[in-house]
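Enquirer: In case you want the letters, here they are:
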Amino acid sequence: MDYNEWEGKSTEYIRDELLNSVVKTEKEIEEEEKTQKKSRSELKIYVLKSLDCNPLDIHDEIKKMFTSENTGSYAKSFIDKHRFEVTELNENTYNLKIYTPEFKKSDQFIIFVKDSYWHVWTLVRKYWAEKTLEKFVDYFPKLEKSYINPEKLEEITSVDLGDEMEGKSSFSGFVAKYKPYHEEKQISINMYGGDQGDLDTMKEEFHVEPSQITISMKNSPQNCVLSHFHGDEGYISISTIREDYFDWGKRMADKGSGLFEDSDKEIFEILNKPIGMSYESDDLSYTEFDGFQSFILRPTFMDGNNGFSLNDIYDKTIEWFLKNKRGFYGYKWDDDSYHIIKKDTMDMIQISKEDDYLTVYPFDDCSEKTIKLICRDIIEKVAGNITINKHSCPLIGG
Amino acid sequence: MKSINLFYASIVGKDEESSSLSKAGFKPISQVKIVDPYGDEKTEAKPDFCLFKDDYMAMIEIKSGTNVNEGDIQQLIRNGEFTIEGVRRSFRRTENISLEVSEIESFIVYYKSTIDDCIEIPNCKESFDGIIENGILLTQEENGLLKLHEDSNEPKDETLKTILSTGIDLPKEPKTEFEILDNPFCENVMVFLIRKFINEFKTTNEILMDQFDMRKKFIPPGIACQVYKVKNALECFRKLDCATKERGGDRYRIKKDDLGKLVKVPEFLLNNNCEDVLDEKDREEKISLEDFQ
Chain G
1 MDYNEWEGKS
11 TEYIRDELLN
21 SVVKTEKEIE
31 EEEKTQKKSR
41 SELKIYVLKS
51 LDCNPLDIHD
61 EIKKMFTSEN
71 TGSYAKSFID
81 KHRFEVTELN
91 ENTYNLKIYT
101 PEFKKSDQFI
111 IFVKDSYWHV
121 WTLVRKYWAE
131 KTLEKFVDYF
141 PKLEKSYINP
151 EKLEEITSVD
161 LGDEMEGKSS
171 FSGFVAKYKP
181 YHEEKQISIN
191 MYGGDQGDLD
201 TMKEEFHVEP
211 SQITISMKNS
221 PQNCVLSHFH
231 GDEGYISIST
241 IREDYFDWGK
251 RMADKGSGLF
261 EDSDKEIFEI
271 LNKPIGMSYE
281 SDDLSYTEFD
291 GFQSFILRPT
301 FMDGNNGFSL
311 NDIYDKTIEW
321 FLKNKRGFYG
331 YKWDDDSYHI
341 IKKDTMDMIQ
351 ISKEDDYLTV
361 YPFDDCSEKT
371 IKLICRDIIE
381 KVAGNITINK
391 HSCPLIGG
Chain Z
1001 MKSINLFYAS
1011 IVGKDEESSS
1021 LSKAGFKPIS
1031 QVKIVDPYGD
1041 EKTEAKPDFC
1051 LFKDDYMAMI
1061 EIKSGTNVNE
1071 GDIQQLIRNG
1081 EFTIEGVRRS
1091 FRRTENISLE
1101 VSEIESFIVY
1111 YKSTIDDCIE
1121 IPNCKESFDG
1131 IIENGILLTQ
1141 EENGLLKLHE
1151 DSNEPKDETL
1161 KTILSTGIDL
1171 PKEPKTEFEI
1181 LDNPFCENVM
1191 VFLIRKFINE
1201 FKTTNEILMD
1211 QFDMRKKFIP
1221 PGIACQVYKV
1231 KNALECFRKL
1241 DCATKERGGD
1251 RYRIKKDDLG
1261 KLVKVPEFLL
1271 NNNCEDVLDE
1281 KDREEKISLE
1291 DFQ
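Those protein sequences? They're chains G and Z, same order as listed. All residue numbers for the first sequence refer to our numbering, where the first residue is 1 and numbers rise by one. All residue numbers for the second sequence refer to our numbering, where the first residue is 1001 and numbers rise by one.
Chain G extracted, bound-state conformation (with noise of 0.2 Å):
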């Protein structure tokens, strides 16, 4: 159906309908675990950081990309083969559709705006959405994807999605990838049905970490909501609601993504540009900072008779941005540090190794979408086994 019908809906009547796709009967149920195969499109729950963007604005912001200097040749090759449309369909709420004329396929997208992340829920099957949402949101530069570390993803509990779910909820299944740049070996771990112990099997046999979980809510023994956080590409999907259970369905669609919404702001959200301002009269000249900010990258585990001690880790670093990656430029610092400049947004980072971590330092203005592009491609090109904080300092003002 064509989602502009929903204009003036509530947006808790489209977040209701949009659910309702997934609500399967027993019987529908019981199919699939025999057939394993899915009976339909699952809803996926992208939570996407919006840099001061509107959906409203992604027409003009489109144009501008298309006629920039700045813009690479992909992401010009991208828009020429798409359309976009918004159209509003309440205060907070709006519908993208992206078209893809070569294929005949339109794709629509529910955008709910909650301050400065958007919230975009999706029945289009991955593939699609992959080639389309993704591939925008790869592009444009006001917008960027959620991140999860894995470390919490394997920690979500009941308590994180309601108390009154304690004990209902359990760790079903997971997906652990490895896709080092610098090793023909690449793993790919699905698991249904597995529990913690099987995951930290593989974690100590294959040095992965899941980069998605599956999280069953159960009225045991029966699986009631059963969905997948996809932590490596910022979106939550729910493949199944019971009918009868429509409202634990919502329940993890609100709280699934806010898990994403929150993590995602703990580590990457820029709080204090170490932006300098210079003051100066007769008897008086200083410079001060606004702020101070780094990411400390840390290995979970470090095996060096395997290709993965801190230096390894280092090394390999600097090698995927200055000789594999397109798009950087770099330059050695220091015995252990080096400066990396992103091509086509001049952002400027270093990179130095210190005892047990990794630490990048943003320069200047460096946007949040670099760096997280930086961090993300470390963890699933160099080694996946590393849990990002952030160091917020503020200088100014207390």
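Don't read these hints as lab results, they were simulated from the structure. A few of these clues could be false.
Stated by the list, open to error - Computed footprint of chain G on chain Z, listed as stretches where at least three residues anywhere in the stretch have a Cβ under 8 Å from a Cβ of chain G:
(1) 1079 to 1093
(2) 1159 to 1173
(3) 1199 to 1205
Said to hold, decoys possible - Here are some of the chain Z residues that sit facing chain G, going by a computed Cβ distance under 8 Å:
(4) Ser1022
(5) Lys1027
(6) Pro1028
(7) Ile1029
(8) Ser1030
(9) Ile1034
(10) Pro1037
(11) Asn1143
(12) Thr1176
(13) Pro1220
(14) Gly1260
(15) Glu1267
Here the structure is a predicted model, which means the values were calculated and not measured. Think of the CB as a built atom: it goes at the ideal place given N, C-alpha and C, for glycine as much as any other residue.
Chain Z: place on chain G using the hints.
Expert: Same frame as chain G, now just chain Z:
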């Protein structure tokens, strides 16, 4: 310059778990120049940092060398002569710093190894004693601590005394927040300008300026840097094919497209210097950065 950035790390904190001077409530300013109109013959001080908390102010000199010099003692004495009225008057027009200063203390920071060595040498020990008499001595060490020296007077601020007696963790590789000092070397100016150019290229594709305008735009007002140094830096860029000079004029042109070459310069300068580059006669082909390896 690493010594300045290392100390700065004690202000902002090594990581999210460490203690820091800002966590302890001290607000910093850097690259400070204050004139005290009430002091003897108009005292001027250029502390590397000043820290403020309530009515307390710390003036901090950072030393990077391996020696303790007589000049250092003079600096400490001069800083110590600053009157409270003088400081209040100088800061009266600033907006961010509201000053109710009634206590000023003078600090000096050396690398730990410098002090450890100094105490062993009789001549140096004398200077060391002069330092101890006239200010508060802190030592710092990469991947170590910023700490109050055991022989030093203690700061009057209790919090400062405690935190500095325990010591503050310092990183191995602090962030290079400060990249240029008074009377910089040509190489320093070059690397500094590269970073400024990168920031400039966020909004423009080309920089076209002579050395005067470059200095005005890019070098912080409190930093003493003679124009000829900027000129030398620009000439080096030109010889390394990173910049061109306009015909019949003094302006240098650096384009965003030159960035690929510019980013090779810092590593080049790890093993070469400006003099080498400037001495090379202009040839038909430009000097390639690879020539010098």
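Enquirer: It remains to establish, for every hint, whether it holds in the given structure.
Expert: How the hints compare with the structure:
1. 1079 to 1093: With 4 residues in contact (Cβ-Cβ under 8 Å with chain G), the coverage given for the region 1079 to 1093 of chain Z holds.
2. 1159 to 1173: holds (count 3)
3. 1199 to 1205: holds (count 4)
4. Ser1022: holds, 5 Å
5. Lys1027: With a closest approach of 6 Å, the Z:Lys1027 hint holds.
6. Pro1028: holds, 6 Å
7. Ile1029: Because about 4 Å separates Z:Ile1029 from the closest Cβ in chain G, which is inside the 8 Å limit, the hint holds.
8. Ser1030: holds, 5 Å
9. Ile1034: holds, 6 Å
10. Pro1037: holds, 7 Å
11. Asn1143: holds, 7 Å
12. Thr1176: holds, 6 Å
13. Pro1220: holds, 5 Å
14. Gly1260: Nearest chain G Cβ about 7 Å off; hint holds.
15. Glu1267: holds, 5 Å
Checked against the numbered hints above, the structure violates none of them.
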